[in-house]
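J.: These are the residues of each chain, in order.
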Amino acid sequence: QKEVEQNSGPLSVPEGAIASLNCTYSDRVSQSFFWYRQYSGKSPELIMSIYSNGDKEDGRFTAQLNKASQYVSLLIRDSQPSDSATYLCAVNNPNTGNQFYFGTGTSLTVIP
Amino acid sequence: ETGVTQSPTHLIKTRGQQVTLRCSSQSGHNTVSWYQQALGQGPQFIFQYYREEENGRGNFPPRFSGLQFPNYSSELNVNALELDDSALYLCASSFSRRGAMDTQYFGPGTRLTVL
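Note that the protein sequences, when read in sequence, are chains A and B. Last residue of the first sequence: number 202 in the numbering used here, and the count goes up by one each step with no gaps. Last residue of the second sequence: number 165 in the numbering used here, and the count goes up by one each step with no gaps.
The hints are simulated quantities; they were obtained by calculation from the structure and are not laboratory data. Where hints are given, some of them may not hold.
Part of the chain A face toward chain B, derived, beta carbon under 8 Å [as the list claims (entries may be wrong)]:
id: 1; residue: P134
id: 2; residue: L165
id: 3; residue: L178
id: 4; residue: T186
id: 5; residue: F190
id: 6; residue: F192
id: 7; residue: G193
id: 8; residue: T194
id: 9; residue: G195
Nothing here was measured: the structure is a model prediction, and the numbers come from that model. Note that beta-carbon positions come from the ideal geometry of N, C-alpha and C, so glycine has one too.
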C-alpha cells in the first residue's frame, strides 16, 4: 500500500468552475499535510499546508483535512487556465525521520 | 521564488560515471532534503540533512550519498550511474527545531540524463 494516493487524472474543468483534488494517506500518525503545484518541467511550489481537521482557506484555494478518514483535499474556486498543472499531495510522518511522502500527482486542465 | 538554488540545471552523464549535485538552502533554514522525481511520478525521498548529519533516508542504495556544510548548503553524490538514475533531482529547504520540521520549499531542480 502506498503512503499517499491520488487520482492521476487527468481532471478537466471549465474556466470558472470548482476543481476538486483528493488525496488519501495510509499512516494515521501523519501530522502535516501539504499541497504543491508543479508546472511541466518545473519544480513543485507550495500552495497550502494544513495541520488540523477542518478547512483552511487561502484566496481561491481551500484545503480540507479529515484525519479520521485519512483524507485531505484541495478545492480551487473560479479555476483559471493558469491553474493547469499537476497537483502533488505531501504528507509528513514524524515516525520516519520527518520524511515527506508524495503522491504521484493529479493532472488538472482548466479549459478556457 | 523560494531562495533555494541548485546547480547545475542540466547534466548529461554516461553509465558508470559519478555526479555531484549542489544545493544552497534558503536563508534561515537548517535542513535540506533531497528527492528524485522520475517522469510522471511524485518526488521520492532520498535523504535529509540536519545540522550536517544525515537525518533520515529513503529506499535508495548506498551509492547515493550526501553532505551538508556549516552554511547549510548540501551536495548529493551518485556513484556508478545507472540508466534508471535519469530523473529530476530536487533539493528542498526547511527549518527544523527539536525534531519537528516545517514546510519544505523546493529549488528549481537538476535534470540528470544518464546515457
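J.: Given F192(A) as an interface hint, is the shortest Cβ-Cβ distance to chain B below 8 Å?
T.: Holds. Min distance 4 Å.
J.: Do the numbers back the hint for T186(A), that is, is its least Cβ distance to chain B under 8 Å?
T.: For T186(A), the interface hint holds, since the closest Cβ of chain B sits about 7 Å away, which is under 8 Å.
J.: How about L165(A): closest beta carbon in chain B under 8 Å, or not?
T.: violated (20 Å)
J.: If you take the shortest Cβ to Cβ gap from L178(A) to chain B, is it below 8 Å?
T.: Interface hint status for L178(A): holds (6 Å vs cutoff 8 Å).
J.: Quick check on P134(A) please, does its C-beta sit within 8 Å of some C-beta on chain B?
T.: holds (5 Å)
J.: Is the interface hint for T194(A) satisfied, with its Cβ closer than 8 Å to some Cβ of chain B?
T.: holds (5 Å)
J.: Interface hint check: G195(A), Cβ to nearest Cβ on chain B, cutoff 8 Å. Holds or violated?
T.: Since chain B brings a Cβ to about 5 Å from G195(A), closer than 8 Å, the hint holds.
J.: Could you check if G193(A) really has its C-beta closer than 8 Å to a C-beta on chain B?
T.: holds (5 Å)
J.: Against chain B, run the beta carbon of F190(A) and see if the smallest gap drops under 8 Å.
T.: holds (6 Å)
Of the numbered hints given earlier, the model fails hint 2 alone.
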